[in-house]
Every structure is written in structure tokens, then in C-alpha cells.
Amino acid sequence: MKFTEEHEWLRPDDDLIVVGITEHATTQLGDIVFVELPTVGSTVAKDDEVVVIESVKAASDILAPIDGEIVEVNDVVADDPELVNRDPLGEGWFFKIRASDPSQIDDYMDEAAYKALVD
Amino acid sequence: MTGDGLNQTPLNDLHRELGARMVAFAGYEMPLQYAAGVMQEHLHTRTAAGLFDVSHMGQIILRGTDPAATATALEALMPMDLVSLAVGRQRYGFFTNAAGGIEDDLMVANRGDHLFLVVNAARKAEDVARLRSGLPAGVAVEVLEDRALLALQGPSAEAVLAALAPEVARMLFMDVTTVTLAGVECWVSRSGYTGEDGFEISVPGAAAEALARALLTDDAVAPIGLGARDSLRLEAGLCLYGQDIDAGTSPVEAGLTWAIQRARRAGGARAGGFPGADRILRELADGADRRRVGLAPEGRAPMRAGVDLFEGAEGGDAIGSVTSGGFGPSLGAPVAMGYVPAGMARTGTTLMGELRGTRRPVQVAALPFIPANFKR
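Residue numbers (this note's numbering), protein chains in the order written: chain A, 1 to 119; chain B, 1 to 376.
Calculated directly from the structure, the hints in this document are not laboratory data. Here a beta-carbon is modelled for each residue, glycine too, at the ideal position from N, C-alpha and C. Please note that the accuracy of each hint is not assured.
[As the list claims (entries may be wrong)] Sample of chain A residues at the chain B side, in silico, Cβ under 10 Å:
1. G30
2. V33
3. V35
4. S55
5. K57
6. D87
7. E91
[As the list claims (entries may be wrong)] If you want a taste of the chain B side facing chain A, the calculated C-beta under 7 Å gives, among others:
8. M39
9. A301
10. F327
Bound conformation, chain A alone (with noise of 0.2 Å):
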């Protein structure tokens, strides 16, 4: 698993890579309210705004965090969007995206490395 700095998180599986926002994320972003999830079959580039979260206190944008194709999405959070804040790595995830480039994320950060930056 590895971390952006925008508080994303990105897992492998199998050929595809899941995309979420971290605890950390969900603390400062508050109750989620509202979650817009980008269109499956649609392609992406690095830093492009894929997902749109309101939270009660204010919109944010979650940005692509590698180049890819958008192959799913996750309709449960669009329809209940606090599974985003009860389960932010596990059910609450977003999209999942297949790579241009896989070893675009061997640049994000490990698990270690994102503690040392949120702590």
C-alpha cells in the first residue's frame, strides 16, 4: 500500500490499483456528506480532479494520483457517503484505475513514511 501527500491511499489488486483518502483525510475533512465519482471507462491523468467529496464543512477535490483507466467505481459511497469516515481503507474506497504506468506509484510514500508525515 502507499500514500500521496494529498492523504490518498493506493492498493494493489491484482491488475488494478484501489484508490482512497486516508483516516487522516476523513478526520480533518469531517462528516462526508456528499462523494461524486468519476465515470467508469473514462481515462485519467496524473493530478486530474477524479472525485469530488463535500464534507459539512467544505468541498475538496481527490486528484488522480497516477495516469490510468478508471475500470470501477465504488456506487456505495455515492449513495452513502459516511462509509468514506466509518471505513476509509477498507469499504469506504472510491475507484479502481489501471495503470499506464505501473511504477508510477513507486514513487508515493510507504506506510511509514505517511506516518512520519501526519504525526
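With chain A held as given, fit chain B onto it using these hints.
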């Protein structure tokens, strides 16, 4: 004062002890939320009781030799009937300017030998200047810097406060009185900013923490931050000064005509005689060109302050904008308020709000979103 120039309320240490996330608001360091979070705090207030620190608000006493003359003098600054405000009663009102705009909204209480005003924190200095220049020399304007203000709101508020002072159970909405709470003389009104029954308690600053702790010992009471205060007042359809109303908004545009009593309207015993009377009386008769309305966005995406409103799905200029918006935890849906042309203000009208470049439908909705739960 903190290192960054912010004022602190007498409850600052308690907020930190309770795990509050503190933010700067109107020059004060205030709790945005506690560990429970905005959603839980909001729902708790609607189902039990929430304790709010609103000590940033301005507390002002007006005292003249003749209380009736003081009320008459204040009527020159506000389009409210203050002469008929009985001892032990409070009234919502606003200061207006020569253009008929709202300079601040406030509560005025008749406490017998004086009037007690509670004004917005961000407008305190302007309000005091307005009072000092606009009232006769015989009326003393005393700004109370040494008092805190607590709000206890929600369906359990009466039972909680009555456990400390049984007589508060007899108070009705907008009654004011003096009671002893936790051994200290407090000025209590039955009012608030959540749409729920509840009380606002002016307490000497030095005694505020002890009183807050006494209230928090009751299992029904949880501390509530500014985040939930905002969502509660939004669901209740209540204006936030500087956002939903300001110096360029008239009371008729804002839908606050209910606060202008008959005595100050055309044909009333003391008609006009307040700043901006020409415009306000004209708009009372003819209506205003734009109106504040409730807005219910379709779907789950909140439309926040600043979102532009359009008549159709494509083209055209913005016809208005959202002034307050967010998610309404009690409704489980986004809620907003904004200004639209009078011809589009009818409940049920579908407009479009532009979110991130995409127009989404939003319905004009009746205010309040949640019925008020006052003890009348």
C-alpha cells in the same frame, strides 16, 4: 488575546479540554466542532440539548432616566415597535441604514430599568458607534465586556435548566428574566438560533466555566460548535448577518417583514421615523424586486454560499445566488438560502445552481426547512 491577535472567551480552556477544534471567527477563537463532529452535534441538539458558547456576541445595556424614553429613542434606529415591548420580554430586530439596508440584526430585551441588546460579534463596534451617535445624550450605552453568553438549545433544554432553577420552566418563547444558576445571578432569555426551544444565558465571565460544567454534567447536554450552529440555523431558515443579510439587503427582500410591527408601518401610531423608512415602507406596500428564499438542491450535492443560480439549464445570466448552503443533517439532504427575482420566488419553482461548471436543479422551498419547536 492569543498570540495571533484573537480574543478568547471565558470558556477557552474548557473548549480545549473537551477536544474542540478551534478556529478564528469574528475576531475570536471559537470551537468549530468537538470530537463528536458537526453531524452528531447537530442531531444531538435536535433530540436532546446542546450547549453553545456564544460569548463572542456583543452584550450592550441602554439606560436612560426614563425607560419609555429610551425605547422611543431606539425606535429612531430600528423599524421595530420597542415602546410596546413589555418588561420581561425580548424582540428580534435590526438596525437599518438610510438606503433601507440592514446594518445588523439583534435582540432587544426590556429588563425593567434598562434595555439589553445582544448583537453580532462582527458588528459590535459599528453598533456601539451607531448607538452612541444616534441616541440622545441622556441614554448611556454600556458595553459589557465582562460577561459570557451561553446558549442551551434543544427539546431537553427546559428540563436541564429547570434542574438548576425551576422557575425557568414557566418562561415562554422570548421571555427574559433574572435567575440564579449555580449560585450566580444570570440573565436568561427563552430564545436561540437553532429553531429549537432553549435558553440564552448571560453570565458573569468569571462564573461562566462553572456554569457550563454544571450544565454539561447532565447526560442530555453535549457541547456544540459553530459548525452545527450554522447547519441548525440554516435548517431553521434563520439569517446569518454578513451572509444572508447585509447593508445592501432590505428587510423586505430578506423576508423579515414579520419583525416590523404595525406601529411602525404606514398608518401605524409611529409610522416611519427610522433610517431607510422611504424604501422599506414602499417595499412593504409594493414588494421588493428580489426575495430571500429557501432552496432545496436535488440530489445530495450541497450548494454553498456563492453558487450562482440560473433560470434554465443553459445560457442566460445568473438570476441570483446562494447566500448560505450546506448539508442539513436533520433533513438528510442539502439545504440552502439565496436571493432570486420576485417572479421566481414561488415555492416549488425549479431553478438551476451551477456547481463546478455543471448546472443542477434546485427547488425554491418554504422556510424553515425544519418546523420551529418553540414554547409559545
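The hints, checked one at a time:
With its C-beta approaching chain B no nearer than about 6 Å, G30(A) sits inside the 10 Å limit, and its interface hint holds. Look at V33(A): its Cβ gets to within about 4 Å of chain B, closer than 10 Å, so that hint holds up. Checking V35(A) against chain B by beta carbon gives a least distance of about 8 Å; that is within 10 Å, so the hint holds. At its closest, the beta carbon of S55(A) sits 8 Å from a beta carbon of chain B; the interface hint therefore holds under the 10 Å criterion.
Hint status for K57(A): holds, given a least beta-carbon distance of 6 Å to chain B, under 10 Å. At about 16 Å, the closest approach between the beta carbon of D87(A) and any beta carbon in chain B exceeds 10 Å, and the interface hint on this residue is violated. With its C-beta approaching chain B no nearer than about 18 Å, E91(A) sits outside the 10 Å limit, and its interface hint is violated. Here the hint on M39(B) is kept, as its CB sits about 4 Å from the closest CB of chain A, short of 7 Å.
The closest approach between the C-beta of A301(B) and any C-beta of chain A is roughly 5 Å, which is under the 7 Å cut-off, so the hint is satisfied. At its closest, the beta carbon of F327(B) sits 4 Å from a beta carbon of chain A; the interface hint therefore holds under the 7 Å criterion.
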